[in-house]
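Protein chains: 4
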Amino acid sequence: AKTAKSDDGLSAAELETLIDAVLDAKRYSYSPYSKFRVGAALLTANGTVIPGCNVENASYGLAICAERTAIAKAVSDGHRKFKGIAITSDMNSFCAPCGMCRQTMSEFGEYPVYLVKDNREVQRWSIADLIPGAFGPGDLNIDP
Amino acid sequence: AKTAKSDDGLSAAELETLIDAVLDAKRYSYSPYSKFRVGAALLTANGTVIPGCNVENASYGLAICAERTAIAKAVSDGHRKFKGIAITSDMNSFCAPCGMCRQTMSEFGEYPVYLVKDNREVQRWSIADLIPGAFGPGDLNIDP
Amino acid sequence: AKTAKSDDGLSAAELETLIDAVLDAKRYSYSPYSKFRVGAALLTANGTVIPGCNVENASYGLAICAERTAIAKAVSDGHRKFKGIAITSDMNSFCAPCGMCRQTMSEFGEYPVYLVKDNREVQRWSIADLIPGAFGPGDLNIDP
Amino acid sequence: AKTAKSDDGLSAAELETLIDAVLDAKRYSYSPYSKFRVGAALLTANGTVIPGCNVENASYGLAICAERTAIAKAVSDGHRKFKGIAITSDMNSFCAPCGMCRQTMSEFGEYPVYLVKDNREVQRWSIADLIPGAFGPGDLNIDP
Ligand SMILES: [Zn+2]
Ligand SMILES: [Zn+2]
Ligand SMILES: [Zn+2]
Ligand SMILES: [Zn+2]
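Chains as they are written, first to last, in the numbering used here: chain A, 1 to 144; chain B, 1 to 144; chain C, 1 to 144; chain D, 1 to 144.
The reader is advised that the hints may include incorrect statements.
All copies of an identical chain are treated as equivalent in the list; a pair is satisfied when it fits inside any one copy or across any two copies.
Stated by the list, open to error - Computed cross-link-like contacts, SDA-like style, restricted to lysine to any residue with a CA-CA straight-line distance of at most 25 Å:
| hint | residue 1 | residue 2 |
| --- | --- | --- |
| 1 | K117 | L23 |
| 2 | K35 | A128 |
| 3 | K35 | D77 |
| 4 | K35 | S11 |
| 5 | K83 | R27 |
| 6 | K35 | D143 |
| 7 | K81 | D118 |
| 8 | K83 | S34 |
| 9 | K35 | E16 |
| 10 | K117 | V49 |
| 11 | K81 | S93 |
| 12 | K81 | M91 |
| 13 | K35 | G109 |
| 14 | K117 | G133 |
| 15 | K81 | N92 |
| 16 | K35 | A12 |
| 17 | K35 | D139 |
| 18 | K117 | A128 |
Keep in mind that the hints were calculated from the coordinates and are not lab data.
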């Protein structure tokens with residue numbers, strides 16, 4: 001099993017901060033349909049921690065996951081470079097990001113993805129691990 | 001043509017604040033694919049102003065509009081009641097919200113929607129005007 | 001209450017065919033998450049009837065509604081002009097299309113939308129009624 | 001580089017049929033915004049070949065990719081078991097499926113994914129390769 005290491009560019013203190021933030025983030029989850037609370041916490045290149053949660057809708061297709069909430073939030077505040085993202089849910093097991101979120105995280109480059117359990121256990125993935133050979137801006141000849 | 005009035009529960013000062021915020025919000029738009037910048041600004045029940053912009057993706061279907069960015073941002077910060085939302089783009093005409101955003105705004109009740117031009121001209125809609133007879137939580141017997 | 005009329009370009013026989021098709025269409029609904037079955041039936045300009053149902057996903061945001069299934073199906077078979085669409089669910093009341101589907105239907109012009117109950121009762125809407133002042137291709141200076 | 005093999009449960013003839021179908025499928029692509037045509041062709045368990053193409057919208061977030069078109073089409077015709085899917089675009093290189101499509105393909109189990117170039121060159125992936133450790137129905141305790 002992969003474990004969080006401080007050799008990702010994140011210090012142990014940064015990782016602890018991210019774990020604190022993600023466990024807190026699911027508190028505001030708006031999930032009356034799935035009753036499945038998810039939290040995310042994004043660490044920007046300049047050290048800002050941005051929490052996100054899932055925001056559902058009566059039209060299921062409009063559900064925005066916690067990870068995408070955190071990224072849209074960050075981008076709309078002027079951040080496009082990230083040092084890491086943490087993800088948690090109420091499950092006992094690690095909560096894997098869905099394909100929508102893997103694609104969205106991938107749009108902004110490579111950074112470690114930490115799946116976090118309530119007991120603070122952590123599993124680390126790279127974005128390339130999560131979505132190998134991802135479709136991206138380059139396939140459309142766009143340099144964002 | 002409908003015009004902004006201070007009889008929506010918004011004072012003239014609140015509306016001015018919202019117009020300032022929305023014109024500023026599109027600054028962070030991530031729209032390398034459409035090159036169509038959109039901004040939104042949401043006024044929460046407790047007076048917080050939350051800016052949003054569109055955040056696109058190489059996979060077009062993952063584009064999050066400015067309005068949905070602002071709402072996900074607000075909800076993930078603990079806000080679910082809104083006094084109004086403003087929307088702007090770089091077009092000379094008013095920028096109508098898409099159906100995804102009409103549905104998302106509707107999930108959180110009724111509040112005035114202000115379309116704003118660069119010259120600060122304003123057109124006011126209600127959510128019921130934008131998405132009459134909307135599908136909502138009640139259709140799924142959910143009381144969020 | 002609006003009722004289906006044969007003055008929409010649809011003959012009474014065409015409307016009956018559409019009602020038969022939509023009531024049958026929800027049979028294949030893949031909705032293990034919402035347990036809310038929806039059907040749609042689209043009548044193309046050349047008289048083909050195309051059924052659709054909702055297709056959900058463990059990641060709620062990937063849910064495709066019945067109306068969008070029918071439209072994607074039609075377009076991928078070479079149809080872009082429509083004479084009408086019918087929508088039904090298992091509710092006792094009429095099932096209103098969500099904002100995603102209003103926007104998607106609107107991309108392909110104006111045609112009548114028939115909400116249908118199990119007892120074959122019908123309520124007719126225009127697309128302009130459902131999504132007034134819709135955002136469309138023209139706003140992006142595109143003539144599809 | 002991975003290549004198509006007839007040991008996937010697909011015979012060489014079935015793979016040829018799928019390649020013919022996918023190269024034809026992008027013909028109906030509705031992509032006035034990206035001008036990026038994509039085709040898909042899905043082979044169901046009972047041997048039906050179902051073509052799909054991307055169907056875009058002025059609201060970018062409503063774009064449905066070719067792969068998701070093919071799957072919604074298949075499901076709405078009563079198919080939920082698949083033997084393989086082929087994907088192509090107008091690029092000279094192989095066109096990788098986006099995260100939305102990886103997640104959608106994964107909802108219906110494991111089957112080979114063939115990326116196809118215009119010159120009929122093929123690259124084979126498994127769904128588990130494309131979206132390792134996918135989030136799925138089991139995570140929500142649903143057995144669809
Ligand atoms: Zn997700
Ligand atoms: Zn929108
Ligand atoms: Zn819908
Ligand atoms: Zn895709």
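Would you list, in rising numerical order, the hints stated earlier that this structure does not obey?
-> Violated: hints 2, 4, 7, 8, 9, 11, 12, 15, 16.
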